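A.B. asks: Sequence:
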Amino acid sequence: MSVTAPAGFRAAGVTAGLKPSGKPDVALVVNDGPLDAAAAVYTSNRCKAHPVLWSERASADGHVGAVVLNSGGANCFTGPEGFQTTHATAELVGELTGCGAGDVVVCSTGLIGVQFSRERLLAGVRAAHAQLDAEGGSVAATAIMTTDTVPKQAVARKTGFTVGGMAKGAGMLAPGLATMLVVVTTDAVAEPADLDRALRAATRTTFDRVDSDGCTSTNDTVVLLASGASGVTPPAAELDAAVHEVCAQLARMLVADAEGAEHDIAVEVVGAASEADAVEVGRSVARNNLFKAAVFGRDPNWGRVLAAVGTTSAAFDPQELDVTLNGVPVCVGGAPGADPAAVDLAPREVRVLIDLHAGTQEATVWTNDLTHAYVHENSAYST
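Per my numbering, the sequence shown runs over residues 1124 to 1506.
In short, the hints are calculated from the structure, not lab data. Keep in mind the model is a prediction, meaning the values are calculated, not measured. Be a bit skeptical, because a hint or two may be false.
Within a straight-line C-alpha distance of at most 16 Å, the following computed EDC-like cross-link-like pairs (lysine to aspartate or glutamate) qualify [unchecked claim]:
hint, residue 1, residue 2
1, 1281, 1368
2, 1281, 1214
3, 1142, 1214
4, 1281, 1363
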C-alpha cells in the first residue's frame, strides 16, 4: 500500500501515453487531511528541472495538499513551454483537489531536454484523479518507474500511527539525494517543523549515503506529508525513527535495483576523527571505478580500497589502516593480513569495513559494482 498505508491518503497511477512503452506514467497522491503539513528536500544540482523550481516554492510554507508525478520525461531544460507545463499541471491538480496550485508538488523523471505532450499529461492527471483510491499506493509506485525493474514501497507501523513511502530510482544515484522521486506519508499529527526535522535527519543518513555512480540528477525530490488522520501526536524521537525506517528501506531498494548491478556494496568506515571524514572516505571508495569493477569480477583487490582512501583529506596514518572484506581482515596496520583468496565475493551483498584508527566516528555509504550491463544501459538510455 506504500503511500496509502497511513490513513488520510489516496493515490492512483495511470497510463497517459508519455512513455513509448505504453506503461503507466502518471501518479497522483492526495492528502485528505485533516492536516496538510509537509516538508521536502530537493536536488543539490544547480541545473534544476522546472518541477523542482516550482515545488521548492510550493512546499516552502510547510503545506502541501497533493503530489503529482510523471515518468516519461524530466521536463528539464525545456524552456518556457516546459515551465508552463509544470504550472498547468499544478493548476489542474489544485482545481481538481481543491487545495490550490500553490500547495501542489510536481515531480517529473525521464530524459532531459525533451518536450513531452502537455495535453497527454493533463489528461493523465484527470484520469488519475478519477481513480484515486485509499488502496492506490501500489499502482502509483508503478507509474513513477523509469529504468526501475520493480516498484519500491515501504511501510512502518507504529503505536497509533503509520509511515509509508514510495520511490523511484535505479541509477545515477549520488548525493544531492539520487536520481530519485520519493513520497513519504504519515497519519501522525505533526507540524511542518517536526516533519522538516524528521525528513532532513533521515535523508542525511539514508538517501544521501547512496552513491551508485557519482552522478547527481536535476530532478531529485523527497517530500513528506502528514494528514493527522490518526489523531496521534507521537514523541519527536518516535516520529523521527519511523520516518528514518521507511527512508532506509527505500534507499536500500534503490541500491538493490541499480542498473545492471550484481553486488550491493556497503562501505563502512569506523575510527574516523569526524563523521565528515568517515563520509568522505566512504564516498571515495564507493565512487572508485577500479574497486567497483574488481567487485564485479569477484577480485578481492584491497589495494584499490586503500588507494581510494588515500585521495581524501580525512585524518589517518596510512600505516595504521585496516581493511576487512566480507569478514576477512585482508589489511591490518597498513600491511597484508589474511589471504585475500579467503574472501567470498559471490553473495549479492558485499561489506567493506575500513578502520582509520583516528577517532570514534563512523558512517556507511552504499554503492554497487560496475558491470557490463550498467555500461550498456546508460550508453543506450536515450535510444
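A.B. asks: All hints are to be evaluated individually against the structure, with a verdict given for each.
C.D. replies: Evaluation of the provided hints:
no., hint, verdict
1, 1281 <-> 1368, "holds, 11 Å"
2, 1281 <-> 1214, "violated, 35 Å"
3, 1142 <-> 1214, "violated, 23 Å"
4, 1281 <-> 1363, "holds, 12 Å"
Checked against the numbered hints above, the structure violates hints 2, 3; every other hint is satisfied.
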